[in-house]
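Participant: Listed below, chain by chain, are the residues.
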Amino acid sequence: MKKLMLGNEAVARGAYEAGVSVVSSYPGTPSTEITENIVKYDDIYVEWAPNEKVAAEVAIGASIAGARSMSCMKHVGLNVMADPVFTASYTGVNGGLVLCVADDQGMHSSQNEQDSRHYAKASKILMLEPSDSGECKDFTKKAYDLSEKYDTPVFLRLSTRVSHSQSLVEEEERANVPLKDYEKNPQKYVMMPGNAIKRHVVVEDRIAALKEMSDSSSLNRVEENGSKIGVIAGGIAYMYAKEALGDKADFLKIGIVYPLPEQKIKDFAAKHDKVYVIEELDPVIEEYCRSIGIDAIGKEVFTLQGEYTPSMIKKAVLGEDAPEFDAVDEPIPVRPPVMCAGCPHRGTYYVLKKLGLVVSGDIGCYTLGATAPLQSVDTTICMGASISAAHGMAKARGKEFNKKLVSVIGDSTFMHSGITGLVDIVYNKGNNTVIILDNSITGMTGHQDNPTTGYTIRKEETKQVNLITLCKSIGIDNVVVADPFDVKNFEKVVKEEVKREEPSVIIAQRPCALLPNMRKKYSGHCKITDKCKKCKMCMKLGCPAISLDGDTVRIDTTQCNGCGLCTNVCPFGAIEKED
Amino acid sequence: MNIMIVGVGGQGTLLASRILGKVAIKEGYDVKVSEVHGMSQRGGSVVTYVKYGEKVYSPIIDRGEADLILAFEMLEAMRALPYLKKGGKMIANTQQMNPMPVITGAMEYPENIKEKLESKINLQAVDALSIAEKAGTIKAVNVVLIGLLAKSMDVDKRIWIDTIKETVPEKFTELNLKALEMGYELK
Chain B
1 MKKLMLGNEA VARGAYEAGV SVVSSYPGTP STEITENIVK YDDIYVEWAP NEKVAAEVAI
61 GASIAGARSM SCMKHVGLNV MADPVFTASY TGVNGGLVLC VADDQGMHSS QNEQDSRHYA
121 KASKILMLEP SDSGECKDFT KKAYDLSEKY DTPVFLRLST RVSHSQSLVE EEERANVPLK
181 DYEKNPQKYV MMPGNAIKRH VVVEDRIAAL KEMSDSSSLN RVEENGSKIG VIAGGIAYMY
241 AKEALGDKAD FLKIGIVYPL PEQKIKDFAA KHDKVYVIEE LDPVIEEYCR SIGIDAIGKE
301 VFTLQGEYTP SMIKKAVLGE DAPEFDAVDE PIPVRPPVMC AGCPHRGTYY VLKKLGLVVS
361 GDIGCYTLGA TAPLQSVDTT ICMGASISAA HGMAKARGKE FNKKLVSVIG DSTFMHSGIT
421 GLVDIVYNKG NNTVIILDNS ITGMTGHQDN PTTGYTIRKE ETKQVNLITL CKSIGIDNVV
481 VADPFDVKNF EKVVKEEVKR EEPSVIIAQR PCALLPNMRK KYSGHCKITD KCKKCKMCMK
541 LGCPAISLDG DTVRIDTTQC NGCGLCTNVC PFGAIEKED
Chain C
1 MNIMIVGVGG QGTLLASRIL GKVAIKEGYD VKVSEVHGMS QRGGSVVTYV KYGEKVYSPI
61 IDRGEADLIL AFEMLEAMRA LPYLKKGGKM IANTQQMNPM PVITGAMEYP ENIKEKLESK
121 INLQAVDALS IAEKAGTIKA VNVVLIGLLA KSMDVDKRIW IDTIKETVPE KFTELNLKAL
181 EMGYELK
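Chains B and C, in that order, are what the protein sequence lines are. Note that the working numbering numbers the first sequence so that position 563 is 563, with each residue one more than the last. Note that the working numbering numbers the second sequence so that position 187 is 187, with each residue one more than the last.
Hints were generated in silico from the structure; no laboratory data involved. Quick reminder that beta carbons are idealized off the backbone N, C-alpha and C, glycines included. Heads up, some of the hints might be wrong.
[What the hints assert, rightly or not] Only part of the chain C face toward chain B is listed, based on derived beta-carbon distances under 10 Å:
(1) 33
(2) 49
(3) 60
(4) 151
(5) 168
(6) 174
(7) 177
[As the list claims (entries may be wrong)] Heads up, simulated EDC-like pairs for lysine to aspartate or glutamate below, C-alpha to C-alpha not over 16 Å straight-line:
(8) C:26 x C:54
(9) B:149 x B:205
(10) B:124 x C:166
(11) B:404 x B:502
(12) B:2 x B:205
(13) C:114 x B:502
(14) B:3 x C:156
(15) B:228 x B:247
(16) C:86 x B:224
(17) B:264 x B:329
(18) C:85 x B:477
(19) C:116 x B:502
(20) C:157 x C:115
(21) B:248 x B:223
(22) C:116 x B:326
(23) C:116 x B:329
(24) B:2 x C:156
(25) C:55 x B:247
(26) C:89 x B:326
(27) C:26 x B:170
(28) C:86 x B:324
(29) B:271 x B:326
(30) B:429 x B:477
(31) B:124 x B:151
(32) B:404 x B:477
(33) C:120 x B:170
(34) C:139 x B:556
(35) C:85 x B:205
(36) C:26 x C:156
(37) C:114 x B:57
(38) B:264 x B:326
(39) C:114 x B:183
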């Protein structure tokens, strides 16, 4: 029987059926559930690596050693893993190697909207793109065959709507894929100039062979409906186009994004009066069409930004309006994501805002400290940048500015790429204050373990990286651990450390409120008593459970988890906990 | 059939859409369920789509295309209104949850949403929160609403019961079946 599966779950199933035996990834929305679903299969070694570069190198090593391997990431994770990947294109593979990259059109949970398809062309690596869960599984299996046949890593490009939509998948048996023999082969695997020059020739020959394959492969297929309108589309955009146009257009469905099928595109274009390229984000297919002399319509009618919809396509291609709808003619307050009730970061930001500090921020739940009413975070660039960017700020503006400056970074993000920035500060005589927000988990992506939690992805106990020892060992003499919910002490610690003319690290330690242990620890609710002077100090916390009803502060017991932070902030002791 | 489920992160909209998706498969349809994880879950607006029929291509629903909207919260019901097809039906939980702009005082929570919606569309508004509380926990609000939805769909009740049993952890089965029943029996 067919099963309803998330696209990500189907990729994991495909990896299992393809006989994959090693998977290493770093979590990142919308790619995380691929690796989480791999955990279901005992036959596969799976791990969370500290970052995407490490993850890719683990997968590349496993491939060289003869295993079918995989690494999964979000689009910005591909930037982190780009270095090994560009050279893995030269070495090729032994066991099949598939790199799954999930783009986030519409930026549901990302800091940019980059189009990963550019990487395929830049690194000269074959890229496949499925359109639904069934294809996620099939394309994953196909990717391993192609990887080994053409001696190349293969990208599997996903997107939020493919990764996070469920559709039907037929399960099959796992293939028995024995390890390939390991043979020392420095000409292939030692990429120094003398060898790499020869491998570049191999890469170009491989691309020529892959172009032929792309032209003959059923992954790029024509669907004829006898229309004079031709549509070229792949991925989720193909599904939108099919729904919008049905049999009013012919389709060239692109499953191989790179290299594109030149002859197939030319033949398809020749048969149609008008050819549209429908692709979200950048005009990758469209520009290729132009380069082979085909005047396709693309970004002149479709946007470069965000997600497409079927009605947008219907309007652009057929000139048909979207259906009518009702609306209420008044402003509707937006509901942005917020830090949860009980979130440990709330205590930290309450203090940072109170002290009026410049906050160099990072990527995680705590990025939400940029939003009202806490509004503490000044910058967010990429994973790890909080520390190195603050070092740059301090070097640019000097000592006095630095006394008003802190970096904030989560435990997992610090492991990912914060450590090197801290080393830079020590080495180059910086004196920044870095706050590591240690909530004992990788929060934003949905509670993944990391090197500081003491557990592996399979929940086996393991050595725990000790943040205090780590920071001290690289030369930070001042490491202070403080509970951000003890706001008085936390404020005192921050004041002391920013004044210090030496680098320092504050470890703000309190576990995520959604962790099972904390759910048990927090109980009851907080209550406003008649001692309330309506000073509204508690409103500054931005707790979703506390709101104003006219002039009166109320605590919503369906949202309050009794964490008690507000009781520590009220200057009149007017908030009490009750069971 | 296009069904849209809207609510606030943490209310259990995802479970509701998964149950609905499974029921549609059992009825022999092609099904797509679209969710968004990550940022949108942190107390923000959450939208999921469940589409089924002979063949479904796009996993998303456009404005004016939803046959049915299941809203877990009134402000989200109001926000989702443009997605309802002309002549479609909305089932809404009368619960109100203040979003951050209301909490900070930058905006007001709109008044009389129920009446405003009723003047335009076919709305069934119920206090699912207190029903869930009677069933045993306010967390079962999603299953109460599923029960209500089940009543307005042409699917054997047995299938809903079986699907709940398969989907929720065993220790919560009894509670959830009670919540389903209470939702189903609402007028």
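Participant: Against the structure, test the hints numbered earlier, and report the numbers of the ones violated in rising order.
Facilitator: 4, 5, 6, 7, 10, 12, 13, 14, 16, 17, 18, 19, 20, 24, 29, 32, 33, 35, 37, 38 and 39
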